[in-house]
Amino acid sequence: MSETVESSQKRWGHLRKVLERPGPFCHPEFEPSSEILDFIMTSCKILIIGAGGLGCELLKDLALMGFKQIHVIDMDTIDLSNLNRQFLFRHKDIGSAKAEVAAEFINKRVAGCYVTPHFCKIQDYDEEFYRQFHIVVCGLDSIVARRWINGMLVAMLQYENGVLDQSSVIPMVDGGTEGFKGNARVILPGMSACVECTLDLYPPQVTYPLCTIANTPRLPEHCIEYVKVITWPKENPFNTALDGDDPQHIGWIYEKSMERALHFNIPGVTYRLVQGVVKNIIPAVASTNAIIAGICATEVFKIATSCCVPMNNYMVFNDVDGIYSYTYEAEKKENCLVCSQIPQELPIKDPSLMKLKEIISLLCESVIYQMKSPGITTTIGGKNKTLYISAIKSIEEKTKDNLNKTLTELGLKDGSEIMVADVTSPTTLVIKLKFMNNDVEMN
Amino acid sequence: MKNCQILSGFFNFLKITNSLCKKMSSPAPKSPEQSVKSKKYDRQLRLWGDHGQKNLENAKICLINATALGTEILKSLVLPGIGLFTIVDGEKICEEDIGSNFFLEVDTLGSSRAQIATQCLLELNPDVRGDYIDETPEHVMSHTQDFFNNFTVVIATALSEKTLIPLSKLLWEANIPLIVCRSIGFLGYIRLQVKEHTVIESHPDSENPDLRLGQPWDALKEHLDQIDVPNLDKKTRSHTPALVILYYFLKKYREEHNGLLPKTRLEKLEIKKMIEESIPSDEHGLNLLEENYKEAIHYVNTAVTPLKIPSNIQEILEDESCVNLTQNSNPFWIMCAALRELVQTDGALPLRGSLPDMASDTNSYVALQQIYQKQAQVHAEIVYRRADQIARNLGLGQDAIIENDVKLFCKHAAELHVMRTSCIADEYEKTNVDLSSYLEDSDSLMFYYIMFRGLERFISEFNAYPGQFDDQVEPDVLKLKGILSKLLNEWGCSHALRDERVHEVCRYGGAELHSVSAVLGGCAAHEVIKLITHQYKPLNNTFICDVISSNTATFCL
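For the record, the sequence lines run as chains A and B.
So in full-length UniProt numbering, spot 259 of the first sequence is number 259, and the numbers just go up one at a time.
So in full-length UniProt numbering, spot 217 of the second sequence is number 217, and the numbers just go up one at a time.
One should not assume that every hint holds.
[Said to hold, decoys possible] Result set (DSSO-like, lysine-lysine): computed pairs, CA atoms no more than 27 Å apart in a straight line:
{"id": "1", "chain 1": "A", "residue 1": "K181", "chain 2": "B", "residue 2": "K39"}
{"id": "2", "chain 1": "A", "residue 1": "K92", "chain 2": "B", "residue 2": "K537"}
{"id": "3", "chain 1": "B", "residue 1": "K308", "chain 2": "B", "residue 2": "K169"}
{"id": "4", "chain 1": "B", "residue 1": "K411", "chain 2": "A", "residue 2": "K181"}
{"id": "5", "chain 1": "B", "residue 1": "K92", "chain 2": "A", "residue 2": "K108"}
{"id": "6", "chain 1": "A", "residue 1": "K92", "chain 2": "B", "residue 2": "K407"}
{"id": "7", "chain 1": "B", "residue 1": "K252", "chain 2": "B", "residue 2": "K221"}
{"id": "8", "chain 1": "B", "residue 1": "K54", "chain 2": "A", "residue 2": "K92"}
{"id": "9", "chain 1": "B", "residue 1": "K54", "chain 2": "A", "residue 2": "K279"}
{"id": "10", "chain 1": "A", "residue 1": "K181", "chain 2": "B", "residue 2": "K537"}
{"id": "11", "chain 1": "A", "residue 1": "K181", "chain 2": "B", "residue 2": "K221"}
{"id": "12", "chain 1": "B", "residue 1": "K92", "chain 2": "A", "residue 2": "K10"}
{"id": "13", "chain 1": "A", "residue 1": "K349", "chain 2": "A", "residue 2": "K413"}
[What the hints assert, rightly or not] Computed beta-carbon distance windows for the label pairs:
{"id": "14", "chain 1": "A", "residue 1": "S390", "chain 2": "B", "residue 2": "E277", "range": "25 to 35 Å"}
{"id": "15", "chain 1": "A", "residue 1": "D350", "chain 2": "B", "residue 2": "T554", "range": "51 to 61 Å"}
{"id": "16", "chain 1": "B", "residue 1": "N208", "chain 2": "A", "residue 2": "K357", "range": "38 to 48 Å"}
{"id": "17", "chain 1": "B", "residue 1": "L269", "chain 2": "A", "residue 2": "P347", "range": "51 to 61 Å"}
[Stated by the list, open to error] Reference listing, derived: stretches of chain A covered by chain B, where coverage requires no fewer than 3 residues with Cβ under 8 Å from a Cβ of chain B:
{"id": "18", "stretch": "278 to 289"}
{"id": "19", "stretch": "385 to 392"}
What the hints contain is simulated information worked out from the structure, not anything from laboratory work.
Predicted, not measured: the structure shown is a model, and the values here were computed from it.
Built from N, CA and C at the ideal position, the CB exists for glycine as well.
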């Protein structure tokens, strides 16, 4: 049976009504026709990033909205604690690859749908892979991964004489949830606010000062954190790194935390809390995931068909107290690190005092950069020079002395460019140093 | 229900004795074995706790009509582990069902929709039981009088007006919550009906701490009085909890102000300044306040407040159900009556008993924490004894009131919530609906509420959705417009609906878009979970979801 016949089947009657009839709220370019459903079914390629709580929902939603060429990518395997919401998985699937089990289930349940699984990291693929898709939709719990794919889609944009070639734009629909709260957004890379434009929307991670957990613990969390960061490396009980998924490891942390809490008379250490702190667990329920994924899938459908104007462009959702949502237009940041065409400048007060390690901590702590472990290179006198890279051990050892050197000692000048690579971006960021005390020195 | 509560009390008793044994026998506690259930449900137990989960596992849910929306709702209830569901649906599976409903299999065309949906949903969670009745809800209602009275919550999708109204009346009388949902094109509607619903744990997003520095009880006063803040050595002082510092300056302030507490912004500024200036500047003339001093200044706003009963709680305490208890009063209202007596004598709610984290050494913090906890226990004990007495006086069994429930109740006394919606049948039979205040705003989603009402009339009159047949779209636009203006006329509204909205709804022709039903299904399931767990505040009472513009609104009708 050819796809053209299938798109005219009664089974898709619901979709055909909104695609084959005109409506007052359609995109201005919408022309009702049976070809739209045909396009969705035969040519439109969608990439779903993440096959977890949101990903399972997205697969189901998109498959039943007529999409047939769906790829899904996820590096995780199935865990027992996923089963309360990741409804494509069963007990027997524990330990298998999420992407593969999810794809198989959808292909079986929704006749004609063809989901291609990718059991790997998004970083394992390059531009060539991502370029094949019409729309990318993310159901991720990691901010780093979200920033990476956002960076990738922006890097793939093509400009001609400074004007964006719209055919190079791959729309990105992004959803996220935490307990009874969530958000959904539509990003047209290069055209509307991207993930980096609104980086300040992500709340900073809760951290406990070392002196508190070591000397003046008050909360059960302080006791657990102490055992995690101090006692574990010191005693190294299982001769291996701490694995939050190993019940033996969690058991050990629980016992030691209990001891510490008893010693200090601090109530409230429970096994559940220990797990939560060690693994940084974010609570999750089926219902909120279904809502956010449903909104994202609807936006994918709107973008692919123009049968309705897409969301503009950011929705927050909360159903703690009744049901609340708010949709607004997140604004594109004029000098966004990633999606603006503006070169980045970093003002340096005094290069003879500023040390390389201070630049690194600035890149990690500043709201606009929020990097994880930036590696920095530069060119001095036309030659490439690695200033510091922590990811590769041999280079780390060779370059760590640079951390305590000042910018002047490193030979950096006003206007020098540093190239920064970090896990949060697929491309290197070029930053121009601007020495503020230049005039003073000249005098 | 009562049995479960007794059991829960018993388990709690076991837990307490267990932990006591542990403390006595060995200083190194063994890590507890986690059950498969607590691992599987871990991510949700962090939200509603083991007690919320137990309510879920005891819940029996009825779904009327296994439409795509219907099964999406059940999916988000089966996954977190409700006890049992029953699907009532007389339809046979058609092709369009297969195109939009995930819980039907391709080769089941023509089979009972109730049966196949039940099978597919049961695959999701072996802990859940499910059955179905392959009959229309009308048939079930007319043949088994009190069939629907056996459920914790009843959910209805794609239900006709003429069945909805008697069902609404029936469930209203039985005080069983009813959720009615509809999904059409890019629009969705949820209506919740519950005669009375009570919540102890509302889980507010933010709340002020309950610290009562202005009204210290004896133990707290004694503890705080003995700390002479200005004469502490520098190191001890820097490790003194903010509350201790604030209390010291509060005392000083009161000595200078006839014993009065700072109330106005200016008065609060004065005490803040006192605290700030108590630290002498260093040799560079810099006044570097330590963390605990900064916190003390911060707590002026929240820790020093006059004792007051929040108006929403006062309302609950004056509620008919609280003032006039009967043998049928449930534990919530008995506890409220006991709380009311405490409030009448103390002029305050029971102390919450939790202390926010603040810069401090361990011992000073823990000592303070224990004082707060102990006082909270004292209050809870008073309320428990009183509630127990009230229950006995009413002739209820001696286990009617569980001590741990009272503790929970007292801890959350500031966030109690009682909700009573209107009855759907009344809403439909009422003619003096005044919606004019909403309709001033031409973008109001209230227009879609009216649209849904018109849609239901249309279905009743013509036995089809407007625009269902390709050659009837334009005539249906006219028919629907006629119905809508008649409805508005009946309600005495002079507003008209924008034509484009009518056209849009007729374009849908009753189409159910899966992703829109997924959104609505999640929302409705979530409200059902709130109703079952008696945690978090449910929707009151009508929710409109407009996925065209990605906006939602709630109306209390």
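Assertion that chain B covers the stretch 385 to 392 of chain A - criterion: three or more residues, beta-carbon distance below 8 Å: violated (count 0)
Given the hint of 38 to 48 Å, is the C-beta distance from N208(B) to K357(A) inside that range or not? 41 Å, holds
Do three or more residues of the stretch 278 to 289 of chain A come closer than 8 Å to chain B, measuring C-beta to C-beta? holds (count 9)
Would the hint linking K308(B) and K169(B) be met if the CA-CA limit is 27 Å? 40 Å, violated
Just to be careful, I want the Cα atoms of K252(B) and K221(B) compared with a cutoff of 27 Å; is the pair within it? 14 Å, holds
Please verify whether K92(B) and K108(A) have alpha carbons no more than 27 Å apart. 22 Å, holds
When you check the alpha-carbon spacing of K181(A) and K221(B), does it fall within 27 Å? 41 Å, violated
Are the Cα atoms of K349(A) and K413(A) separated by 27 Å or less? 13 Å, holds
Holds or violated: are the alpha carbons of K181(A) and K39(B) at most 27 Å from each other? 22 Å, holds
For the pair we were handed, K92(B) and K10(A), check the Cα-Cα distance against 27 Å. 15 Å, holds
Return holds or violated for the Cβ distance of L269(B) and P347(A) against the range 51 to 61 Å. 37 Å, violated
With the threshold set at 27 Å, check whether the alpha-carbon distance from K411(B) to K181(A) stays at or below it. 24 Å, holds
Violated hints, listed in ascending order, are 2, 3, 6, 11, 14, 17 and 19; each of the other numbered hints is respected by the structure.
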